[in-house]
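**Student:** Turn these sequences into a full structure, and let the hints steer you where they fit.
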Amino acid sequence: MAGMVPDQTPSAAGDGYRRIVGPLLLPTWVVIGIFLVLPVALMAVYSVLTKEFRGGVDWQFSLAAYDQFFLNRGLFGDEPPTLEWTYITIFWRSIWQAAMATALCLAIGFPTAWFIATRPANTRGIWLFLITIPYWVNLLIRTVSLKFLIRDNGPLNEALMGAGLIDGPLPLVNTNLAVQLGLFYSYLPFMVLPVYAAVERYNFAYSEAAADLYASRWVTLREIVLPIVKPGIVAGCLLVFIPSLGAFLAPDLLGGAKTFMIGSLIDEQFKGSLGNWPFGAAVSMILMTLVMIALLFYARSTAKGGAA
Amino acid sequence: MKGVRHYPGFLAITILCLVVLYAPLLVIMAYSFNGSTSITTWGGFSLHWYVDVFTGAEAARFGQAAWNSLTIAIIAATASTAIATAAAVAMIRGGTFRGKRATFALINMPLMVPEIVTAVATLIFFAMIGLTTGYLTILIAHITFCIPFAYLPIAARLQGIEGHYEQAARDLYASRWQAFRLILLPLMAPGVVSGYLLAFIISLDDFIITNFVKGAGMETLPTAIFGSVKQGIKPNIMAISTLMLVVSILFVTLSYLINRKGRRAP
Amino acid sequence: MKFRLSALALLLASPAFAEGELKVYHWFEYIPQELVDKFTAETGIAVTIDTYDSNESMLASLKAGKLGQYDVAVPGDYMVQIMGAEGLLDTFTPEELPNFGNIDPKWIDVPFDQGRKSSIPYQWGTTAFSVNRDVYKGDINSLSMIFNPPEELKGKINVLDSQGEVLALGSIYMGIPQCSTDKTQLKALSDMLVAAKANWASFGSDTAKDVLVSGDAAAGMIYNGFSAKARAEGAHVEYAYPKEGYVVWMDNMVLLKDAPNRDNALKFMNFLLEPENAAAVTNYAAYTSGVVGVEPFLDEAIKSSPETNPPADAPAGSFVLVCDEATQKLYDAIWINLKK
Chain A
1 MAGMVPDQTP
11 SAAGDGYRRI
21 VGPLLLPTWV
31 VIGIFLVLPV
41 ALMAVYSVLT
51 KEFRGGVDWQ
61 FSLAAYDQFF
71 LNRGLFGDEP
81 PTLEWTYITI
91 FWRSIWQAAM
101 ATALCLAIGF
111 PTAWFIATRP
121 ANTRGIWLFL
131 ITIPYWVNLL
141 IRTVSLKFLI
151 RDNGPLNEAL
161 MGAGLIDGPL
171 PLVNTNLAVQ
181 LGLFYSYLPF
191 MVLPVYAAVE
201 RYNFAYSEAA
211 ADLYASRWVT
221 LREIVLPIVK
231 PGIVAGCLLV
241 FIPSLGAFLA
251 PDLLGGAKTF
261 MIGSLIDEQF
271 KGSLGNWPFG
281 AAVSMILMTL
291 VMIALLFYAR
301 STAKGGAA
Chain B
1001 MKGVRHYPGF
1011 LAITILCLVV
1021 LYAPLLVIMA
1031 YSFNGSTSIT
1041 TWGGFSLHWY
1051 VDVFTGAEAA
1061 RFGQAAWNSL
1071 TIAIIAATAS
1081 TAIATAAAVA
1091 MIRGGTFRGK
1101 RATFALINMP
1111 LMVPEIVTAV
1121 ATLIFFAMIG
1131 LTTGYLTILI
1141 AHITFCIPFA
1151 YLPIAARLQG
1161 IEGHYEQAAR
1171 DLYASRWQAF
1181 RLILLPLMAP
1191 GVVSGYLLAF
1201 IISLDDFIIT
1211 NFVKGAGMET
1221 LPTAIFGSVK
1231 QGIKPNIMAI
1241 STLMLVVSIL
1251 FVTLSYLINR
1261 KGRRAP
Chain C
2001 MKFRLSALAL
2011 LLASPAFAEG
2021 ELKVYHWFEY
2031 IPQELVDKFT
2041 AETGIAVTID
2051 TYDSNESMLA
2061 SLKAGKLGQY
2071 DVAVPGDYMV
2081 QIMGAEGLLD
2091 TFTPEELPNF
2101 GNIDPKWIDV
2111 PFDQGRKSSI
2121 PYQWGTTAFS
2131 VNRDVYKGDI
2141 NSLSMIFNPP
2151 EELKGKINVL
2161 DSQGEVLALG
2171 SIYMGIPQCS
2181 TDKTQLKALS
2191 DMLVAAKANW
2201 ASFGSDTAKD
2211 VLVSGDAAAG
2221 MIYNGFSAKA
2231 RAEGAHVEYA
2241 YPKEGYVVWM
2251 DNMVLLKDAP
2261 NRDNALKFMN
2271 FLLEPENAAA
2281 VTNYAAYTSG
2291 VVGVEPFLDE
2301 AIKSSPETNP
2311 PADAPAGSFV
2321 LVCDEATQKL
2331 YDAIWINLKK
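So the protein lines, in turn, are chains A, B and C.
According to the working numbering, the first sequence is numbered sequentially starting from 1.
According to the working numbering, the second sequence is numbered sequentially starting from 1001.
According to the working numbering, the third sequence is numbered sequentially starting from 2001.
Hints listed in this document are in silico derivations from the structure and should not be mistaken for laboratory results.
No false leads were mixed into what you were given.
Simulated crosslink set (DSS-like; lysine-lysine; CA at most 25 Å straight-line): (1) K2243/C - K2137/C; (2) K2303/C - K2038/C; (3) K258/A - K2154/C; (4) K2197/C - K2183/C; (5) K230/A - K1100/B; (6) K2154/C - K2243/C; (7) K258/A - K2197/C; (8) K2243/C - K2187/C; (9) K2197/C - K2243/C; (10) K2187/C - K258/A; (11) K1234/B - K2303/C; (12) K258/A - K2340/C; (13) K2340/C - K2154/C; (14) K2106/C - K2243/C; (15) K2137/C - K2197/C; (16) K2329/C - K2187/C; (17) K2329/C - K2340/C; (18) K2329/C - K2197/C; (19) K258/A - K2329/C; (20) K2303/C - K2243/C; (21) K2187/C - K2340/C.
To spell it out: a stretch of chain C is covered by chain B in this simulated footprint if at least three of its residues, at any positions, have a beta carbon under 8 Å from a beta carbon of chain B; those stretches are: (22) 2021-2030; (23) 2040-2051; (24) 2062-2070.
Derived, one-sided and incomplete: chain A residues facing chain C with beta-carbon distance under 8 Å: (25) F53; (26) F76; (27) T89; (28) V173; (29) N174; (30) D252; (31) F260; (32) F270; (33) K271; (34) S273; (35) G275.
Note that CB positions come from ideal geometry on N, CA and C, so glycine has one too.
**Tutor:** Pasting the structure below:
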């Protein structure tokens, strides 16, 4: 695990970077290896230690954290164990919210990225800045303002009612929809920018060729554009979906925090009243394992694409 | 003609996107001029909170916090983008090598670890190796978690660039470095810019990790803002946020002017 | 940039002939800067303040490795006890604090630090709830407003997102002791909360004031000083001192173990026990000081605020108790079950 990747396959073809893969990856391995993998390895160890009351750990092996996650022994811990649904439900809920937010980001983000990529080259930079400028304002403040807008008697509802589109206020605050909106708003540029980076490279001659063959715009989009810009879409989805899984600001402020999400559940274990570090570590390990499996499946499915 | 570039409805969606992005900012700007101490009820127009930002008792701390946030974000985004660019070239152009998939997982790891876990684990780790928390520890942590945010757009971009451009350059006796600098880097530029911007905003906005790895007297804007919620958010935060927007717009205008002067596309 | 940084560093360290320094771990905006400046002017001690956003995150970061970096911190009542039990606190004798006698006698023998060996009172207040009087006009002096609300308030209630306070108020409402191990009582508490949750709109602590001011919530569990601020911002709310009882909380300044500047820490604590200085904090934070003799220095609005002056017939409040590990586990389970 330690160290760099040695250059195992010196290429006869002399392809530029094959021989310096090691040096190119060295900074990544050193920085993430030391400052993330080591600390997280420590957390993996924590997840199988005995919890110390009020945070911290005793250096004594215990599977109590995983037991708590998977097995339900009743409120007082004296019933025969059955499968614990509490945390699986929390996971499922978070995954669903994150997926909806990702879909929303893609639906809005892809056309936006396309639009930017088709502007004259010297204005694209300005458009990118336009997308990122709002993110100079702290997430907390942005979320609070979003809540202000979608409140029962807030501007959005008043505008809709004023226009005669609805009779009573749409109850948005403290709903799942508000959470999805909040997540969408939190991570939109993380979809737009990678997709833009991929679309900007797209060669419109392909589209023209397709048009010459009487393919409609939408068929061209589906059959030709999407496969080519797929890496950008996948990157965007990863950057929106994974952080959304652990997010807790939007769920807390917009969703009313009535139910735990993965983010708030883990947060409570470390800096909340529950103070159970091994359990927090265990939940994180389970979450990471799930995401890692999904990611490696993705890597395998794209690996067959040859050079990539 | 632009025909094939045009999709009906995309302009409308882009406008919708901008409206959604900017509508909350209008609220923030409006309430920065609120005469009352509330962020939900209007108490008349006032410049009180701007005066407060510059001359209030907390002015020096907020100023210092904003300065820390900006410098950390710039340094962290620059460093992580450089690291990520090198990694993307190796991953996409390096052919197959042992440990490639492990490397892919490693690069994305900062994304996968829940922030609070990174925060606590990193602090424990820093304490173990005897590193005192402060500016440097925040910077190290930020560079680390910014890497995937810079890497993913760059790698996505790189996957769309065929190898034959550089091959042609190499055939014309360009060195590897020349081929990279003159051919590949300009082709990658939109990916690098996207990655840099994402790394910048993710660093500028980070609270959870910073909150743990910061040292005594060291404050960033998010930690200062989150810290103040115990007393309730006041319009002074709205004024600070508005000022940050002004700074960002100054940045953009400046870069636009520089680019135009150099007659180069940004 | 390098120049700018060092210039700022110089600026921050400006009392060049400092009598040493003091490192304070504190909530943000919970101490007026003028007061800190006054301390520095009087003693020549340079004060560095680092901030945290919750008692628990302070505990977590001290346990994860920050102990030894700070001299004093400002934990809530139950957290003082936890930190004491965790060995994170240093002790002092009353002789080391000349102003020790200024502490209100009723706050000396507190359950979380008997005899005040490691802590001094900072500010205290109560936690109950407030009701928007435009929405509900009846009698509000009962915790049933939250746990079994009248029709007008159903679906418009915000509850603090804090296990300790929600479970303590729930127990007070049901008349069962805190830290109970009686299974029937706990089951009843859990069932009552799950049923009550159906009438709640949201959980939120930091937002407790804003939801009342904006009208998102018509009633909400809240700290008294926060409710006073909501009222000042125009919300037509009344803070209740419910007949069943309510929660009392107290923030305290503690002397941390391995404090790098122990003597300066004690000077600072002594400084905060001066009535004039304690009053300055109260005027700023709008809670109540634990020091006698502050009244002449208090703002009129604070002195007469209904939130800090309970009616004569109000019962006594109780601190959130710290349970032992086995019992706490049961309460944790109730909380997780409530929010799953």
